[in-house]
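Asker: Sequence:
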Amino acid sequence: DQVLIELEGHVPISFFLGTTFNVDSSKGLTGAPDALISKSDNQLYITSPVIVLVEAKKGDLGEALPQCIAEMEAARIFNEHKNNGIPTVYGAVTNGELWQFMNLTDNTATVDLCSYNFGDGGKIIGILKSFV
Numbered sequence: 001d002q003v004l005i006e007l008e009g010h011v012p013i014s015f016f017l018g019t020t021f022n023v024d025s026s027k028g029l030t031g032a033p034d035a036l037i038s039k040s041d042n043q044l045y046i047t048s049p050v051i052v053l054v055e056a057k058k059g060d061l062g063e064a065l066p067q068c069i070a071e072m073e074a075a076r077i078f079n080e081h082k083n084n085g086i087p088t089v090y091g092a093v094t095n096g097e098l099w100q101f102m103n104l105t106d107n108t109a110t111v112d113l114c115s116y117n118f119g120d121g122g123k124i125i126g127i128l129k130s131f132v
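Okay, so the sequence shown: first residue is 1 according to the working numbering, each after it adds one.
Because the hints were derived from the structure by calculation, they are not lab data.
Note that this is a predicted model, so its numbers are computed, not measured.
Within a straight-line C-alpha distance of at most 27 angstroms, the following computed DSSO-like cross-link-like pairs (lysine-lysine) qualify:
1. 82 - 27
2. 123 - 58
3. 57 - 27
4. 39 - 123
5. 129 - 57
6. 129 - 82
7. 123 - 57
8. 129 - 39
9. 27 - 39
10. 58 - 27
11. 39 - 57
12. 82 - 39
Derived Cβ-Cβ restraints for the label pairs, each shown as a range:
13. 108 - 62: 13 to 21 angstroms
14. 28 - 119: 33 to 41 angstroms
15. 122 - 32: 23 to 31 angstroms
16. 111 - 28: 15 to 23 angstroms
17. 119 - 77: 34 to 42 angstroms
18. 123 - 26: 36 to 44 angstroms
19. 118 - 25: 29 to 37 angstroms
20. 105 - 30: 18 to 26 angstroms
A virtual CB, placed ideally from N, CA and C, is assigned to each residue, including glycine.
Produce the complete structure using the sequences and hints provided.
Answerer: Dropping the structure here:
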């Protein structure tokens with residue numbers, strides 16, 4: 001993804017596409033997220049903290065929001081298990097053209113009501129940089 005490659009040029013991150021992320025099978029938090037961003041330049045394994053990215057499969061960002069919230073909860077638990085319980089976990093949904101951002105703080109998900117067009121890549125990169 002062009003945005004992730006551009007972000008990698010600005011901050012030391014690793015991104016993982018379709019990588020298994022089994023966090024807590026008792027809560028159904030297992031599977032392969034569309035993408036994870038790790039605040040580390042170590043591409044060998046996922047390190048804490050992580051940011052989740054979800055592809056809106058049918059192009060509808062709203063339909064992808066529940067999946068993103070579940071993946072942010074998985075990321076929160078993952079971070080805690082790695083002794084890095086950060087107060088806010090970030091996520092984004094995209095259909096390739098539009099991006100929408102959200103966060104999870106104290107078990108409350110907050111969704112940015114604005115969506116950002118891929119053509120405004122600088123703003124998208126700026127938001128993602130603020131997350132890492």
